[in-house]
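Dock chain B against the given chain A, drawing on the hints supplied.
Which chain is which? The protein sequence lines are A and B, in order.
First residue of the first sequence? That's 1 in our numbering, and the numbers climb one at a time after it.
First residue of the second sequence? That's 1 in our numbering, and the numbers climb one at a time after it.
One or more hints might be untrue.
To be verified - With a straight-line Cα cutoff of 20 angstroms, these simulated PhoX-like cross-link-like pairs (lysine-lysine) come out: (1) K192/A - K177/A; (2) K58/B - K14/A; (3) K14/A - K134/B; (4) K13/B - K16/A; (5) K58/B - K11/A; (6) K7/A - K177/B; (7) K11/A - K135/B; (8) K257/A - K336/A; (9) K178/B - K7/A; (10) K177/B - K134/B; (11) K58/B - K33/A; (12) K16/A - K131/B; (13) K180/B - K11/A; (14) K134/B - K11/A; (15) K178/B - K135/B; (16) K7/A - K134/B; (17) K177/B - K11/A; (18) K257/A - K199/A; (19) K7/A - K131/B; (20) K135/B - K14/A; (21) K7/A - K58/B; (22) K33/A - K32/B; (23) K14/A - K32/B; (24) K164/A - K141/A; (25) K7/A - K180/B; (26) K336/A - K279/A; (27) K7/A - K137/B.
Claimed, not checked - Quick list of the computed label-pair ranges, beta carbon to beta carbon: (28) D28/B - T114/A: 55 to 61 angstroms; (29) V103/A - E21/B: 56 to 62 angstroms; (30) R29/A - N61/B: 31 to 37 angstroms; (31) L5/A - N167/B: 38 to 44 angstroms; (32) D18/A - S153/B: 44 to 50 angstroms; (33) E15/A - E21/B: 26 to 32 angstroms; (34) N40/A - R96/B: 45 to 51 angstroms; (35) S164/B - A84/A: 19 to 25 angstroms; (36) K135/B - V70/A: 42 to 48 angstroms; (37) K180/B - E15/A: 18 to 24 angstroms; (38) Q96/A - I166/B: 57 to 63 angstroms.
No lab work stands behind these hints, which were simulated from the structure alone.
Model, not experiment: these values are computed from the prediction.
Every residue, glycine too, gets a C-beta built ideally from N, C-alpha and C.
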Amino acid sequence: MSNILLKTQLKTIKEKNDRLNPDSVWVARNREKLMSQINNTVSEDKPRFRFDYVWQAINIFVPGRLAYTVVRPVAVFTLVGAIATSGWIASVGATQNCLPGEVCYGVKLAAEKTQELVTSVAGAKNQQAQMYLEFATRRAKEVKKVIENKEVDAPQRAAEAMGKLELSIQTANGVIKEVVETEPEKIVEVVKGMQETAKDINQTLTDAAEQGGKEVDVAGTKQIVKDSSLDIVQTVVQKNQDDSGVVSDEDAKTIVKTQIDVAMQDTGDMKSKAEDAVKVLEATPVTSNNLPSDVVVSVSSTILISTSSIQISVSSTTPVVLPTSTIKDVLGDVNKQAIAQGQESQKTLEEAKVLVEGNHLLEAIGKVKNATQAAEQAERTVVEVKKVVDAVNSGVLNSPPVSTTTTIITETKK
Amino acid sequence: MKDVMNEKLLLYKVRIKRDPEAYGLLYDLYVKKIYRFIFFKISSREEAEDLTSEVFLKAWNYLVENSEQEIRSFASFIYRIARNLVVDFYRERAKRLPESSLDAVVETLVVEDVSGEHQSMISGEVEEIMKTLKKMKLEYQEAVLLHYIEELSAGEVARILGKSQINVRVTLHRALKKLKELLENK
Chain A
1 MSNILLKTQL KTIKEKNDRL NPDSVWVARN REKLMSQINN TVSEDKPRFR FDYVWQAINI
61 FVPGRLAYTV VRPVAVFTLV GAIATSGWIA SVGATQNCLP GEVCYGVKLA AEKTQELVTS
121 VAGAKNQQAQ MYLEFATRRA KEVKKVIENK EVDAPQRAAE AMGKLELSIQ TANGVIKEVV
181 ETEPEKIVEV VKGMQETAKD INQTLTDAAE QGGKEVDVAG TKQIVKDSSL DIVQTVVQKN
241 QDDSGVVSDE DAKTIVKTQI DVAMQDTGDM KSKAEDAVKV LEATPVTSNN LPSDVVVSVS
301 STILISTSSI QISVSSTTPV VLPTSTIKDV LGDVNKQAIA QGQESQKTLE EAKVLVEGNH
361 LLEAIGKVKN ATQAAEQAER TVVEVKKVVD AVNSGVLNSP PVSTTTTIIT ETKK
Chain B
1 MKDVMNEKLL LYKVRIKRDP EAYGLLYDLY VKKIYRFIFF KISSREEAED LTSEVFLKAW
61 NYLVENSEQE IRSFASFIYR IARNLVVDFY RERAKRLPES SLDAVVETLV VEDVSGEHQS
121 MISGEVEEIM KTLKKMKLEY QEAVLLHYIE ELSAGEVARI LGKSQINVRV TLHRALKKLK
181 ELLENK
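The following block holds chain A by itself, in its conformation from the complex (with noise of 0.2 angstroms):
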């Protein structure tokens, strides 16, 4: 007898035996048997989900050996590292509005060096740009926050932010600057971006200054964006200058009038708060003030288009009568200039615009810089004033001590 045919004949077997099957009235019986048995063991309450269900789900379609030794574990390793992701992403998730000096503002940076580090790894520079201007967008958020919170450190909260910012900025400058070279076709929008990213910045800022941040000095961090951005601009230009291939006169056109249009922004701006401070301080009532000894107030006010100086120095050991029209006509006249400081920016910007107009772009830079520095010393100027009129005005002068020198304005404009 072959194999085969023994085989065969094995397989037969039960088909030949009836012997070997069960009685099929038997088998009925037993069923109908079975089913009351186990309908009995059913309860009502639906089993709970379980993880592992899904897992049998899939095993119903997969065959048995693909499913332990491929699909198991490539479905337990995405499984772990999904977890670990959303888990990761869920504490970062959580971390979005930690603010300077928060134990979570740790973490916040850490994904943000995660992100920095996995961006300078696969990301193109124009991407890196784009990321450190969210950064440093994030950073005059803080800072805002920090000073609307009111917190008793809120000064140097808002300084840890404003330096950070301040990094950021410099760094997404630098990065900007290497884009001009490797990714040419994208520098306009990228310039356009940061453009925009610097006007919000300056306006965040100057909202947190507002929300009573007089320790809080962030014309200095204001100063930091805008010198960036105008840099920038002039990089772009000077591009164009060298080879128009790269960025076409309309683009380097365009960039430059967005430029001069902020700077007209700011300047009007910087005008108005130093009328408004006019007329509070034309406002304010004229007394007498009990100064204690060794106080100095000296205004120095050199910076503006006029090159006089006033000063009012009291030095005395004992203390001194100091009337408040002296120190409200010393202000004023602060104010008055920085007043005329504005006009004179917006002249120079129309100035700009009209080289513009002459495809004269590098110097029409040129004069925006003078009149963005010019009216950022006369919003400063402004801002110091803003505050010894506050201070006249809540009667801090007369309850000593006081500092022992009180300097408006310290820098001086050739």
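The following block gives chain B in isolation, referenced to the frame of chain A:
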């Protein structure tokens, strides 16, 4: 492939949804096979019927109470239950017949000849094969029954018998050779 998927789907419904109807369909698929497997080992229709009923009831209870336990194949699962119940059956018999050891009883029962009325129903070559098969080692009998008669794969047989697939293939080879030898020597 379709049958396998259908079987897995039914098993899923039983385990996750505790669906009696799905279990009824699994019963329809396996009742004859399990009955044959048991009957071949104990050669008593009534006892084979009782044990078969018990197998299905026990399997249901296990499936719904241990839904977290992994069951890769319903076939190997139900055959294992049947096999264990047959062992329990012989163990009980051994207790009732204390003079005989379990192994002896098992051997006696499995080698029990097909006699009386049943014998008349079997004829020719099939009868010869059945008789010869029952004279072989229990290990060979199970392997031949599951693989060649019930047409289970070597992998499933390995899972039922708790052996490796290679071991099962070797056993099958030797069992077939032995069966052939015994049949030729008659």
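Against the structure, the hints come out as follows:
At most 20 angstroms may separate the alpha-carbon atoms for a hinted pair to count; K192/A and K177/A meet this at roughly 14 angstroms. Proximity of K58/B to K14/A is assessed by CA-CA distance (about 25 angstroms); at most 20 angstroms being required, the pair is judged violated. Only pairs whose Cα atoms come within 20 angstroms are accepted, and K14/A paired with K134/B is accepted, the gap being roughly 15 angstroms. For the hint pairing K13/B with K16/A, the CA-to-CA distance comes to about 35 angstroms; that exceeds 20 angstroms, so the pair is violated.
In summary, the hint linking K58/B to K11/A is not supported, as the alpha carbons are separated by about 29 angstroms, beyond the 20 angstroms threshold. A C-alpha spacing of about 11 angstroms is found between K7/A and K177/B, which places the hinted pair at or below 20 angstroms, so the restraint holds. Straight-line distance between C-alpha atoms of K11/A and K135/B comes to about 19 angstroms, which keeps the hinted pair within the 20 angstroms bound. A hinted pair counts as satisfied when its Cα atoms are at most 20 angstroms apart, and K257/A with K336/A does not qualify at roughly 29 angstroms.
Simply put, K178/B and K7/A have alpha-carbon atoms about 13 angstroms apart, close enough for the 20 angstroms limit, and the pair holds. Simply put, K177/B and K134/B have alpha-carbon atoms about 15 angstroms apart, close enough for the 20 angstroms limit, and the pair holds. Among the hinted pairs, K58/B with K33/A is consistent with the structure: their alpha-carbon atoms are about 14 angstroms apart, no more than 20 angstroms. Between K16/A and K131/B the CA atoms are separated by roughly 15 angstroms; this keeps the pair inside 20 angstroms, and the hint holds.
Restraint check for K180/B and K11/A: satisfied, since their Cα atoms lie roughly 15 angstroms apart, inside the 20 angstroms limit. For the suggested pair K134/B and K11/A, the alpha carbons sit about 16 angstroms apart, so the restraint of at most 20 angstroms is met. With a CA separation close to 11 angstroms, the supplied pair K178/B and K135/B stays within the 20 angstroms bound. For the hint linking K7/A to K134/B, the alpha-carbon distance of about 16 angstroms falls within 20 angstroms, and the restraint holds.
Taking the CA atoms of K177/B and K11/A, the gap is about 16 angstroms. The hint holds against a cut of 20 angstroms. Distance hint between K257/A and K199/A is fulfilled; the C-alpha atoms sit about 14 angstroms from each other, no more than 20 angstroms. The suggested pairing of K7/A with K131/B holds, with an alpha-carbon distance near 16 angstroms, which does not exceed 20 angstroms. In summary, the hint linking K135/B to K14/A is supported, as the alpha carbons are separated by about 19 angstroms, within the 20 angstroms threshold.
As the CA atoms of K7/A and K58/B are separated by approximately 33 angstroms, the hinted pair breaks the 20 angstroms bound. The suggested pairing of K33/A with K32/B holds, with an alpha-carbon distance near 16 angstroms, which does not exceed 20 angstroms. Annotation: proposed proximity of K14/A to K32/B holds, straight-line Cα distance about 10 angstroms (limit 20 angstroms). For the suggested pair K164/A and K141/A, the alpha carbons sit about 12 angstroms apart, so the restraint of at most 20 angstroms is met.
In summary, the hint linking K7/A to K180/B is supported, as the alpha carbons are separated by about 10 angstroms, within the 20 angstroms threshold. Of the pairs offered as hints, the one joining K336/A and K279/A holds, with about 11 angstroms between alpha carbons and a cut-off of 20 angstroms not exceeded. The suggested pairing of K7/A with K137/B holds, with an alpha-carbon distance near 18 angstroms, which does not exceed 20 angstroms. Checking the proposed 55 to 61 angstroms range against D28/B and T114/A shows it holds: the Cβ atoms sit about 58 angstroms from each other.
Range check, V103/A to E21/B: about 58 angstroms between beta-carbon atoms, so the 56 to 62 angstroms window is met. Between R29/A and N61/B the beta carbons are some 21 angstroms apart, a value that contradicts the proposed interval 31 to 37 angstroms. Our hint of 38 to 44 angstroms for L5/A and N167/B is violated, since their Cβ atoms are close to 26 angstroms apart. The hint said 44 to 50 angstroms for the Cβ distance between D18/A and S153/B, and at roughly 26 angstroms that hint is violated.
Taken as a hint, the range 26 to 32 angstroms holds for the pair E15/A and E21/B, whose Cβ atoms sit roughly 29 angstroms apart. The hint said 45 to 51 angstroms for the Cβ distance between N40/A and R96/B, and at roughly 31 angstroms that hint is violated. At about 37 angstroms, the CB distance of S164/B to A84/A disagrees with the hint of 19 to 25 angstroms. For K135/B paired with V70/A, a C-beta distance near 45 angstroms keeps the hint of 42 to 48 angstroms intact.
With their beta carbons about 21 angstroms apart, K180/B and E15/A fall inside the hinted range of 18 to 24 angstroms. Against the hinted window of 57 to 63 angstroms, the Cβ-Cβ separation of Q96/A and I166/B comes to about 59 angstroms, which satisfies the hint.
Consistency with the previously given hints fails for numbers 2, 4, 5, 8, 21, 30, 31, 32, 34 and 35, ordered from lowest to highest.
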